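Trainee: Residues per chain, in single letters:
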Amino acid sequence: MRKPVEQIEEATILFAGDSGDGSQTIGTQMTETTALIGNDVATLPDYPAEIRAPAGSLAGVSGFQLHFSSEQIHTPGDLCDVLVAMNPAALKVQLNKLKPNGILIVNVDNFARRNLRLAGYESNPLEDDTLTKYQVFKVELTQLTRKALETTNLTTGEIDRCKNFFALGMILWFYNRPMEYTMKWIKAKFAKKPEYIESNILALRAGNTYCEATEQFAVSYDVKPAVFEPGTYRNIEGNMATVLGLVAASHQSGLPLVYGSYPITPASDILHGLAQYRNFGVVTMQMEDEIAAVGVAIGAAFSGALGVTGSSGPGLALKSEAINLAMIAELPIVICNIQRAGPSTGMPTKTEQSDLLQMFYGRNGESPVPIIASSRPYDCFEAVYEACRIAVKYRTPVIFLSDLYIGMGAEPWKIPQLSELPEIRPDFAASADSNNGFEPYLRDPETLARPWAKPGTPGLEHRIGGLEKSDVTGHVSYDAENHEKMVEIRAEKVARIADDIPPTEVFGAQEGEILLLGWGGTYGAIRTVVENCVAEGLPIGHVHLRHLNPFPKDLDDILQRFKKVLIPELNSGQLLQLIRSTYLINAVGLNKVQGQPFHVFELHAKIDEILKEIGHL
Amino acid sequence: MKRKRTSRIPAGAPTLTRADFKSDQDTRWCPGCGDYSILTQTQQIMPELGIPKENIVFISGIGCSSRFPYYMNTYGFHTIHGRAPTIASGVKMANPDLSVWVITGDGDALSIGGNHFIHLMRRNFDINVLLFNNRVYGLTKGQYSPTSERGQKMYQSTPLGSLDTPFNPISLALASGATFVARSVDIDSGHLRPMLKAAFEHKGTSFIEIYQNCHIYNDATFELYREKEFKTDHTVLLEHGEPLVFGAARDKGIRLNGFQPEVVDTTNGEYSIDDLIVHDQYAEDTTLANFLAGMSDTPDMPHPMGIFRSVRHPCYEDLMTNQVRTAKERMGDGDLEALLNDGETWTVP
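Protein chains in written order, with our numbering: chain A, 2 to 618; chain B, 1046 to 1394.
If you're looking for bench data, these hints aren't it; they were derived computationally from the structure. Treat the hints with care, since some could be wrong.
[What the hints assert, rightly or not] One-sided and incomplete, this derived list gives chain A residues near chain B with beta-carbon spacing under 10 Å:
(1) Q253
(2) P413
(3) G466
Values in this document were obtained by computation on a predicted structure and should not be read as measured data. All residues carry an ideal CB built from backbone N, CA and C; glycine is no exception.
One chain only, chain A, in its complex shape (with noise of 0.2 Å):
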């Protein structure tokens, strides 16, 4: 007879192993099969900077949450409802981030004297009090996945290594999943190695049959689907996303783009995506240094095409010198960071968004570039699109700012219709319209762009470069009162994108107590956390910003509304200096930097702080 199952709302899981455990494909794929099913889902691996970190050690742990619902949600989740631990080292990261009564698998063959050794546990925590306040489950994962291969003719490490299908097989029948999409992305992983399709297919089979034959587990649970709005969805991870934006910005705009890269995580996703769309007519070049990834951009925008330079925040500080050489030139280009956990070096694969100030600022003189965020990972597609339309409108390099936490992350994407994308017009310049000839500085009297004059147009022969130019005519200039105005010039026609972008959306309270005002990633925890206040009928709103340089002109507004102005960042308070010193207004912040989102129990307990400061509660 079947087992009972029980329906509940919504749920969290947290796989944990070695780097080499397979976590992260085993969370990707529940992932995919929980989207296709219809729960709303959001993801957060979680990984070290260490390809394969001594086995067993705390060093080499790697984890991907998974959150999901009946509802719509909006971040991966704060504490965990399933942990599943492949071995001491992970029990001991992960164990602080699942809830109290949560369900604890683990891999018990795993937990020999080496491996808690390797973890610090002087005992083993299963035998002791540790676990006392969890539902544990122990599960001989490695000697029953040999014991479902036992008639492979694969070798024991082979084996060994199909065991994170059998963890998968388990989760799957736990929360009703079917192993279906599994297998066929099995099918098509291995197409190439059919001994690896059938030992797969047994361990994820083999999971499933132990759980509902076992008695450990007696109920399993049922995630009923979400309400989505009509229309066609998959899953999408921000860096795909970000891919998808360009390319589609390439297509629709009728420029070739060319992608300059040198690889560095989290942006490396970007150049591999690209590489795939050749047949876009994507060209994606991976150069020498960062230098020259952004080279090759600034010297395609020179030729007429769309160009394109990603990296993460070390990489944005080598490429400082060139985007200046693009804003002085006026070159469209887009430059795309991914942002990390920094000083230096920093984290590597831990996200921060602490870039902010480097962006605006980072350059020398007066350097003006237009900034653009993207706040969750479907988002990437129209932030970059954005960007890419504002750098060809106004021929100016653009920022897109992403970061780790939003480019790995993955969540269903309801895909746009080609009619929906805003029009990208690239207007080269086709004659010299002055009786001087052409004059590459003669702007648009509206957005003060100046002309796009690709080579090979006849006539329209010029000269730009770093050098400070003369008004107009483009040409080398010291003149005093030139360089004055030509700055003012570039800083004006960056804040003109202002009247170019779309009324700001304030989501809960119009105006009030608190105002959440926020950018990037932290979207997903500061919108939850207002649609609970907003729940219980508090005056708190949220606007999240997408354009950072020029803010909305509707800012000033919307921040006077509210009495208090919360600015929750994974940094110092970078956003929070920017606002502060431009409106003048005692904004505060909510800082975190960890190198992990927030969670959002940390943004409800400022609120309830500052709602107390204020005389609300």
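For chain A, the structure is supplied; the task is to place chain B on it using the hints.
Mentor: Coordinates of chain B only, in the frame set by chain A:
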């Protein structure tokens, strides 16, 4: 014999002259600078290339030589220090039909831009690189450069003499896989012009080191190879298929003694012209070119002038264009709607 991508001027179009390539900007190098001659020779050969003016792009970095694009009435981009090769690569990649020229100096190409220089050489874009070597930083008022001889005394920066071993630009280019490597002299118009044209005609990255005199900060550094009264005895012209003979009386030659090139007298009976190295600029193997390149590092050896190496290798931009074409043939032209809807999708009614 070779196929340049660059479009040719259609028959019947008006003939261009040197004047068409002069920009309206005043040239601002020091009077007597070797750069003037290089500019003139370059403007001179442009009409002879047979390509439309609008298809020509000059790209430079920073330094005295890098002002060059402002004086050419073509497309031009004066970029940032050392980075011209990267920007030129982007220009060429985005439009392989353009004739792209990089103007650089010893500091720009070999110091701050050393990394880009070697990688440009190995990628073999069809780009021409003219390195004005004057063995000094001129624009910053006289500091030793990566080609300055060790011990060079610059009264401000290295009053006791520089400590660095100089780069040999020809050896560096060869080691980086350059497919066309040549050397010429700023004021020798009769040699420089054909070198510039040969660089243009070569399909692939063409590198010319041009000995250029900075008479303000490093006057006469190349006196022996530049001035009429010395150069016949201190330079040897490289001509494909010809023995390496030099000297006012054509009485000296270069032969290989083991692994060492040496100067021999061809008139005293011990050696004849048959003992001399015969130049082969088309050799795929770089051994000979490396021997010749090393001569300028050896005291008392004449400096070779001309084409050290000229071989045909695939160009980066053509290989990339091929990848794009093959992908389109295999998968069809990119269909954005299909791409966005790729993979597992589900529809909410």
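Trainee: So, P413(A) near chain B? Judge it on the closest CB pair being under 10 Å.
Mentor: Holds, about 8 Å.
Trainee: Using Cβ atoms only, decide whether G466(A) comes closer than 10 Å to chain B, and label the hint accordingly.
Mentor: With a minimum Cβ separation of about 3 Å from chain B (threshold 10 Å), the hint on G466(A) holds.
Trainee: Please check whether Q253(A) passes as an interface residue: C-beta within 10 Å of a C-beta belonging to chain B.
Mentor: Holds - the Cβ of Q253(A) comes within 10 Å of chain B, reaching about 8 Å at its closest.
In this structure, every one of the numbered hints holds.
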